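Asker: Build out the structure end to end from the sequences listed, making use of the hints.
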Amino acid sequence: MKKAKLIGKAAGCILCAAGCVWFLLPVLRGGFQLGAAFGLGVCAFGLALLLCYRRLAEAGGWKKICVRIFSVLYALGIGWATALTVLMFSVQFRTPPPGTDIIVLGARIYSAERMGVSLQNRVDAAAAYLLEYPEARCIVTGGQGGDEPCPEALTQKNGLMRRGVEAERIYMEDKSHNTRENMVYAMEVAEKEGISTEVAVVTQSFHMFRALQLAESAGFTAYSLVAETDPILFPEYYGRELLSLTKWTVQHAILD
Numbered sequence: 084m085k086k087a088k089l090i091g092k093a094a095g096c097i098l099c100a101a102g103c104v105w106f107l108l109p110v111l112r113g114g115f116q117l118g119a120a121f122g123l124g125v126c127a128f129g130l131a132l133l134l135c136y137r138r139l140a141e142a143g144g145w146k147k148i149c150v151r152i153f154s155v156l157y158a159l160g161i162g163w164a165t166a167l168t169v170l171m172f173s174v175q176f177r178t179p180p181p182g183t184d185i186i187v188l189g190a191r192i193y194s195a196e197r198m199g200v201s202l203q204n205r206v207d208a209a210a211a212y213l214l215e216y217p218e219a220r221c222i223v224t225g226g227q228g229g230d231e232p233c234p235e236a237l238t239q240k241n242g243l244m245r246r247g248v249e250a251e252r253i254y255m256e257d258k259s260h261n262t263r264e265n266m267v268y269a270m271e272v273a274e275k276e277g278i279s280t281e282v283a284v285v286t287q288s289f290h291m292f293r294a295l296q297l298a299e300s301a302g303f304t305a306y307s308l309v310a311e312t313d314p315i316l317f318p319e320y321y322g323r324e325l326l327s328l329t330k331w332t333v334q335h336a337i338l339d
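Positions in the sequence shown are counted from 1; adding 83 to them yields this note's numbering.
Simulated from the structure, these hints should not be mistaken for lab results. Every value quoted in this text rests on a predicted model; they were computed, and no experiment measured them. Warning: the hint list may mix true and false statements.
Simulated restraints on C-beta separations [to be verified]:
no., residue 1, residue 2, range
1, Glu-215, Thr-329, 20 to 26 Å
2, Gly-247, Ala-101, 25 to 31 Å
3, Lys-86, Thr-329, 33 to 39 Å
4, Leu-326, Arg-246, 52 to 58 Å
5, Lys-275, Ala-94, 52 to 58 Å
6, Thr-280, Ser-173, 19 to 25 Å
7, Glu-215, Ser-154, 33 to 39 Å
8, Ile-315, Arg-197, 18 to 24 Å
9, Trp-145, Ala-166, 29 to 35 Å
10, Ala-87, Leu-159, 21 to 27 Å
11, Val-110, Lys-147, 36 to 42 Å
12, Ile-315, Trp-145, 39 to 45 Å
For glycine and all other residues, C-beta sits at the position ideal for the given N, C-alpha and C.
Answerer: Pasting the structure below:
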């Protein structure tokens, strides 16, 4: 039993240390923000808990009580994160029927012609699909952020046209500032322009579950069209999406 505990502790320490390194990867792209900081903090706390548990438990008194409470809470948190991760990637293979119209979700832009990596990958995936299925139409979404020079939808439209997609197949939703608004305002565009409410949503894998849920709450029948994710930046996006999904779940539970 003692040997098994030592092996378990060593394995836990290795996993937590590996997690710390993984969540530091976005530093290589200058993308260390809330998501990566959150993940790094969780892994570092887990490592500290494993290394200090025995000493604090043997000290007795309030230290023993606190370390056990924190251990239980940490285990519950890891269980919650695991459940969210399963949900996050459970919709990746919800493949759309050929020729389904698509919605491209907005992300960071720098000009009417230049976009961030995430949005570029979404536009690339959308362009490849639209060129393969010339009957499909597209709604590009995203308003103008406070530090953005133009609506995200305009930059997406320009990017698709550079790839050879005809302008008349692209419809802009340029008022939204978050994923929920993307879907609500995209539904207004779909109803106005006679676009099908059966759509494929173009976004990254980590974002797809929440995006599809919000699309369906707006009235769409939604499928997945997964865009690539930069593996170096993935830890940042993953950590941020865990927080966003938690917030979304709490809000959903309260409002419903």
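Asker: Would you mind marking each hint as holding or not holding in the structure?
Answerer: Okay, the hints, checked on the actual structure:
1. Under the hint 20 to 26 Å, the C-beta atoms of Glu-215 and Thr-329, about 37 Å apart, miss the expected range.
2. With their beta carbons about 43 Å apart, Gly-247 and Ala-101 fall outside the hinted range of 25 to 31 Å.
3. A beta carbon spacing of about 37 Å between Lys-86 and Thr-329 agrees with the range 33 to 39 Å that was offered as a hint.
4. Taken as a hint, the range 52 to 58 Å is violated for the pair Leu-326 and Arg-246, whose Cβ atoms sit roughly 33 Å apart.
5. Roughly 56 Å separates the CB atoms of Lys-275 and Ala-94, a value that falls within the hinted 52 to 58 Å.
6. For the pair Thr-280 and Ser-173, the supplied restraint of 19 to 25 Å holds, since their beta-carbon distance comes to about 22 Å.
7. Distance hint check for Glu-215 and Ser-154: the Cβ-Cβ separation is about 52 Å, which falls outside the suggested range of 33 to 39 Å.
8. Our hint of 18 to 24 Å for Ile-315 and Arg-197 holds, since their Cβ atoms are close to 20 Å apart.
9. Evaluation of the 29 to 35 Å hint for Trp-145 and Ala-166 yields a pass: the beta carbon distance comes to about 31 Å.
10. Our hint of 21 to 27 Å for Ala-87 and Leu-159 holds, since their Cβ atoms are close to 23 Å apart.
11. A hinted range of 36 to 42 Å holds for the C-beta pair Val-110 and Lys-147, which are about 37 Å apart.
12. Remark: the range hint 39 to 45 Å for Ile-315 to Trp-145 is upheld by a beta-carbon distance near 43 Å.
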